[in-house]
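Fit chains R and P to the given chain Z structure using the hints.
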Amino acid sequence: MSDKQMQTEEQTSKAIEGQPKSSASEPKHGKTVAKLLFVVVGMFGFGFALVPLYEVFCEITGINGKTNDEAAVYVPIDVDTSRTITVDFITRTNTGMPWEFEAQTKRVEVNPGEMAQVSFYVKNPASRDIIAQAIPSVTPGTAALYVNKTECFCFKHQPLKAGDEAVMPMTFYIDPQLPDNISFFTLQYTLYDITANADASEVVAMSNAPNIINANN
Amino acid sequence: MSTATDTVNTNPDSHGHDSHDDHHHHIPKGLMRWVLTTNHKDIGTLYLWFAFIMFLVGGAMAMVIRAELFQPGLQIVEPNFFNQMTTVHGLIMVFGAVMPAFTGLANWLIPMMIGAPDMALPRMNNWSFWILPFAFLILLSSLFVEGGGPAFGWTFYAPLSTTYSGDSTALFVFSVHIMGISSIMGAINVIVTIFNMRAPGMTYMKMPLFVWTWLITAFLLIAVMPVLAGVVTMVLTDKYFGTSFFDAAGGGDPVLFQHIFWFFGHPEVYIMILPAFGIISQIVPTFSRKKLFGYASMVYATASIALLSFIVWAHHMFTTGMPVFAEMFFMIATMIIAVPTGVKVFNWVATMWRGSISFEIPMLFAIAFIILFTIGGLSGLMLAITPVDFQYHDTYFVVAHFHYVLVTGAVFSIMAAVYYWLPKWTGRMFDITLAKWHFWCSLISVNVLFFPMHFVGLAGMPRRIPDYALQFADFNKWISVGGFAFGLSQLIFLALVIKACRKKGEKVSSQVWEGAEGLEWEIPSPAPYHTFDTPPTVK
Amino acid sequence: MKFLQTAFGALLLSTPIMSLAQSASERSNINLRPGVTDISQQVFGLHMMMFWICVAIAVIVFGVMFYAMIKHRKSAGAKPANFHENVKVEIAWTVVPFLILIAMAVPAASTLLDMEDVSKPDLTVLVTGSQWKWHYKYMDNDVEFFSTLATQPEQIRNKFTKSENYLLEVDRPLVIPTGKKVRFLITSDDVIHSWWVPDFAVKKDANPGFINEAWTNVNEPGVYRGQCAELCGKDHGFMPVVVIAMEPEEYEAWIVEQEAIAQRAREEEQRLLAMNMSMEELMTTGKQVYDSVCAACHMPNGEGLAGVFPAIKGSAIATGDDLNPHIDIIVYGKAGTAMQSFAKQLTMSEIAAVITYQRNAWGNNTGDMVQAKDINAVMNGE
Numbered sequence: 001m002s003d004k005q006m007q008t009e010e011q012t013s014k015a016i017e018g019q020p021k022s023s024a025s026e027p028k029h030g031k032t033v034a035k036l037l038f039v040v041v042g043m044f045g046f047g048f049a050l051v052p053l054y055e056v057f058c059e060i061t062g063i064n065g066k067t068n069d070e071a072a073v074y075v076p077i078d079v080d081t082s083r084t085i086t087v088d089f090i091t092r093t094n095t096g097m098p099w100e101f102e103a104q105t106k107r108v109e110v111n112p113g114e115m116a117q118v119s120f121y122v123k124n125p126a127s128r129d130i131i132a133q134a135i136p137s138v139t140p141g142t143a144a145l146y147v148n149k150t151e152c153f154c155f156k157h158q159p160l161k162a163g164d165e166a167v168m169p170m171t172f173y174i175d176p177q178l179p180d181n182i183s184f185f186t187l188q189y190t191l192y193d194i195t196a197n198a199d200a201s202e203v204v205a206m207s208n209a210p211n212i213i214n215a216n217n
Numbered sequence: 001m002s003t004a005t006d007t008v009n010t011n012p013d014s015h016g017h018d019s020h021d022d023h024h025h026h027i028p029k030g031l032m033r034w035v036l037t038t039n040h041k042d043i044g045t046l047y048l049w050f051a052f053i054m055f056l057v058g059g060a061m062a063m064v065i066r067a068e069l070f071q072p073g074l075q076i077v078e079p080n081f082f083n084q085m086t087t088v089h090g091l092i093m094v095f096g097a098v099m100p101a102f103t104g105l106a107n108w109l110i111p112m113m114i115g116a117p118d119m120a121l122p123r124m125n126n127w128s129f130w131i132l133p134f135a136f137l138i139l140l141s142s143l144f145v146e147g148g149g150p151a152f153g154w155t156f157y158a159p160l161s162t163t164y165s166g167d168s169t170a171l172f173v174f175s176v177h178i179m180g181i182s183s184i185m186g187a188i189n190v191i192v193t194i195f196n197m198r199a200p201g202m203t204y205m206k207m208p209l210f211v212w213t214w215l216i217t218a219f220l221l222i223a224v225m226p227v228l229a230g231v232v233t234m235v236l237t238d239k240y241f242g243t244s245f246f247d248a249a250g251g252g253d254p255v256l257f258q259h260i261f262w263f264f265g266h267p268e269v270y271i272m273i274l275p276a277f278g279i280i281s282q283i284v285p286t287f288s289r290k291k292l293f294g295y296a297s298m299v300y301a302t303a304s305i306a307l308l309s310f311i312v313w314a315h316h317m318f319t320t321g322m323p324v325f326a327e328m329f330f331m332i333a334t335m336i337i338a339v340p341t342g343v344k345v346f347n348w349v350a351t352m353w354r355g356s357i358s359f360e361i362p363m364l365f366a367i368a369f370i371i372l373f374t375i376g377g378l379s380g381l382m383l384a385i386t387p388v389d390f391q392y393h394d395t396y397f398v399v400a401h402f403h404y405v406l407v408t409g410a411v412f413s414i415m416a417a418v419y420y421w422l423p424k425w426t427g428r429m430f431d432i433t434l435a436k437w438h439f440w441c442s443l444i445s446v447n448v449l450f451f452p453m454h455f456v457g458l459a460g461m462p463r464r465i466p467d468y469a470l471q472f473a474d475f476n477k478w479i480s481v482g483g484f485a486f487g488l489s490q491l492i493f494l495a496l497v498i499k500a501c502r503k504k505g506e507k508v509s510s511q512v513w514e515g516a517e518g519l520e521w522e523i524p525s526p527a528p529y530h531t532f533d534t535p536p537t538v539k
Numbered sequence: 001m002k003f004l005q006t007a008f009g010a011l012l013l014s015t016p017i018m019s020l021a022q023s024a025s026e027r028s029n030i031n032l033r034p035g036v037t038d039i040s041q042q043v044f045g046l047h048m049m050m051f052w053i054c055v056a057i058a059v060i061v062f063g064v065m066f067y068a069m070i071k072h073r074k075s076a077g078a079k080p081a082n083f084h085e086n087v088k089v090e091i092a093w094t095v096v097p098f099l100i101l102i103a104m105a106v107p108a109a110s111t112l113l114d115m116e117d118v119s120k121p122d123l124t125v126l127v128t129g130s131q132w133k134w135h136y137k138y139m140d141n142d143v144e145f146f147s148t149l150a151t152q153p154e155q156i157r158n159k160f161t162k163s164e165n166y167l168l169e170v171d172r173p174l175v176i177p178t179g180k181k182v183r184f185l186i187t188s189d190d191v192i193h194s195w196w197v198p199d200f201a202v203k204k205d206a207n208p209g210f211i212n213e214a215w216t217n218v219n220e221p222g223v224y225r226g227q228c229a230e231l232c233g234k235d236h237g238f239m240p241v242v243v244i245a246m247e248p249e250e251y252e253a254w255i256v257e258q259e260a261i262a263q264r265a266r267e268e269e270q271r272l273l274a275m276n277m278s279m280e281e282l283m284t285t286g287k288q289v290y291d292s293v294c295a296a297c298h299m300p301n302g303e304g305l306a307g308v309f310p311a312i313k314g315s316a317i318a319t320g321d322d323l324n325p326h327i328d329i330i331v332y333g334k335a336g337t338a339m340q341s342f343a344k345q346l347t348m349s350e351i352a353a354v355i356t357y358q359r360n361a362w363g364n365n366t367g368d369m370v371q372a373k374d375i376n377a378v379m380n381g382e
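From first to last, the protein sequence lines stand for chains Z, R and P. For the first sequence, position 166 matches number 166 in my numbering, and the numbering has no gaps at all. For the second sequence, position 445 matches number 445 in my numbering, and the numbering has no gaps at all. For the third sequence, position 284 matches number 284 in my numbering, and the numbering has no gaps at all.
Treat the hints with care, as some may be off.
Derived pair list, reagent style SDA-like, types lysine to any residue, alpha-carbon separation capped at 25 angstroms [stated by the list, open to error]:
#: 1; chain 1: Z; residue 1: K123; chain 2: Z; residue 2: P112
#: 2; chain 1: Z; residue 1: K35; chain 2: R; residue 2: T203
#: 3; chain 1: P; residue 1: K79; chain 2: R; residue 2: E360
#: 4; chain 1: Z; residue 1: K106; chain 2: Z; residue 2: I90
#: 5; chain 1: P; residue 1: K120; chain 2: Z; residue 2: V110
Don't read these hints as lab results, they were simulated from the structure.
Looking at chain Z on its own, in the form it has when it is part of the complex (with noise of 0.2 angstroms):
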């Protein structure tokens, strides 16, 4: 074996056991490699910013159609008669959730600026305690910025124990703001089972909190 090669071998080697990789002679090479890894790590790291970034975006456009899953703040306004708004309420459970869940109003008509409360039942038939989250969509999306929800089950985790069931409301109002030709628009929940992720603390409240039945039919 001739130097030249063992000399190669153990370059080689030194690359494998991650030793700079840029020789030493070449210091021009480093630094251009380091920016370069800067742009990757950068982009990489861009890559996940595009999740907030999208959300964002979404909030701004409404492309998702998903609403704030915060609550707004009532501010009184006045309410645009001049036009009614229907809403269409369609609910859905996801695969594996055993909840009955229905709408109590299928459809409201309000004017923009007015608040209207619906109200959704659920019953758990399954033999077991479910947290379950709601999760809304609203067609087409651009409405979505536009309804203000001050009250609404989907903002949180709702607990229910084997059988129990119950009414959840829903509270909103339109912003008068609204494009003029939207005269309508569907919103959609749909439940998903979450039990498996909860935190254990909420399973153990669930399970400790006494079995009440406030469904109002």
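Frame of chain Z, contents of chains R and P only:
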């Protein structure tokens, strides 16, 4: 090419020798030479062979797909395995064949074209190649996991790839990570080499276009491969670690996956075509015996295509339900890309115009590239039109489109490049008769294969289906026949390359092709193991 | 000019293609179909316009190129010229394509805006995709049903001759009235699907947890067929869409009839609750239901597909002492898997039968019998 490379002060010991060795450098022999090599030419060869093997493996999967689709009904494979074939075929062709082939060409050619002795970071170069076979071993081994390999398409849309995918997903994610690391290292190497190791006088605007297009490609790679790494990581954590980036139940959104994926995916498309533009821009002037028309506009066009590629991603997602202003924006941005792409095609035609054209094998492939890539480009323009895209989306029309740009585009350019530079690498002319057979068989069969896909797509055949309605049967038969013929034609290429590597054929001069210009044509053929130890001076 | 002659020659050569494309009538095998709505016809017009512009561009570019290849070839003695730039020409071929693009973008944008009509629909249908079937729910009537592939498995397996609408036929098509604006709300229960009817030029993704919308207004009565257009797993190729468009009066009669049928089915189900089926009845019905609904994934022998679809044969759920997990998984499905809720797809007696079958077939000899009332008890939490 407008570089003034008339005078070259080449290292004396690389002159005049026809041997592979030059006298003061010893080349290690045997397998360890290849495992330990840090020589850009060796690594280039490794990349090219690897890409070719992967091309045959991915091609074999395409043959399975075409065999199943030869006639309606399920006869050869089960739908679940069919989906694995389409998925792995796509992944292998994109990450295992086209991209490594371009990296191999970059390794071989960039140092020789800019008068550098080697790539800037030779040991990293070794690494970036040798992790690649492991990535693909992992990917291929996932096919043997219980439940099979990835079956969610190479685009791995969530939640099919997260909640609903099989146990092999972790292997898929791991292998994509390794591919990404390999590409990023390769790209860094290219950029550092071009930035720091150009021969004196080799200014940026004198660089051959292949170097230019690769420089821009390398920037695209370091910009978007990390995003791909990010999105597969999210898939991994969504599937195994309980995050919900893409799961509505936890507040995520599956459409977000598509946004991130295509933010990587669209520049990726240009990663696979910009070096091809470079290759064609080298070959067309040589065989037209005329300088490349509009060198500067070629550079600017390439750069603008690269920049535009970052703002068009959502044209892959028109049917996901976007607001109309977004659809309008992405439609128009996409259409604008046609302008710089058109400039390139016009420049090539203008280069040929009033040249003195001869039709050697590389030129045949280059001409086929220009025509067939343009067809793919025009169908791409049709796809950009949002209202009509609702009809085209996810049909065989799309399959036809991207195979025209990737097979008769990228792959044909790679073949053109191999034929163009192979005599330089081996010192011998390849078997021209075999090459002609390869060209004409490929050209005819590739069109029998992909052209009817436009028709079945327009008539309504969705992509990624293992069985289809009877009205698509006739064309699918032809498509399959074309597919088998195209697959077999590549075996001619394999035979030719093996023959060339075994040093059969006539010896060639250092210039090889009358009309070839550039530093790589001024060193002897075959190119000595070490070139430009003393940098040449470019005037 | 010689160049013009060449270009013209190339155009003439392309005439067979031209006539081919123009003769492409409604059910073309080589082209988009014009469809049966105003929008789909606009889209078709756009498509043809784009096609001809692309053909023209190709003819001109390739014409010039072939002219150069023939006239300026070395073997014909051509000597190379020495030019390699021309600012005027380069500006021209940057600006002209821009103008062509604007000419394309204007009609495209106008069609896009026409598609974006948010006026009130006459009728709304909720379309839900799941692996691998569609569910339709009429929002204004009490009618909902699943729509699954009607082609027999034997045709797919090449045992029977394939019928005319092979893979494009369903057991229960969606029915809509003509001349009315029908809105589709589109969503999914599991992975992403895409609801596509080419004749309406409607293709919209069904995203799980989110709701999308599309609309159509069909001009002509007829049967319109489409397919799922987004890879959604194993049987992506086997979930067609069939829509029947009827005259409004016919449609009204149909929907009233469907409501009545649904009502009768509910009464029948109540009646069956009180009845017990014999083991033999349960096993016969159970096998039928199993073969048509379960066997696609769990295989006719109950062994499933290793690593993808679990076996029922010998499984803990199907052989365990507690019946409830077995009933639960069939009634509600299992989140994050292809195992969906069958509460709406099957009647209680069918569910009871199939559970009985699964617990007693292939050596799962538990001897258990499940009756419709047991299912009812689980579903209503009694």
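Tested hints:
1. A C-alpha spacing of about 32 angstroms is found between K123 (chain Z) and P112 (chain Z), which places the hinted pair above 25 angstroms, so the restraint is violated.
2. Distance hint between K35 (chain Z) and T203 (chain R) is fulfilled; the C-alpha atoms sit about 22 angstroms from each other, no more than 25 angstroms.
3. A hinted pair counts as satisfied when its Cα atoms are at most 25 angstroms apart, and K79 (chain P) with E360 (chain R) qualifies at roughly 17 angstroms.
4. A threshold of 25 angstroms between alpha carbons decides the hint, and for K106 (chain Z) with I90 (chain Z) the separation of about 7 angstroms falls inside it, so the pair holds.
5. Restraint check for K120 (chain P) and V110 (chain Z): the C-alpha separation of about 16 angstroms stays at or below 25 angstroms, so the hint holds.
Going through the hint list in order, the structure does not satisfy hint 1, though it satisfies all others.
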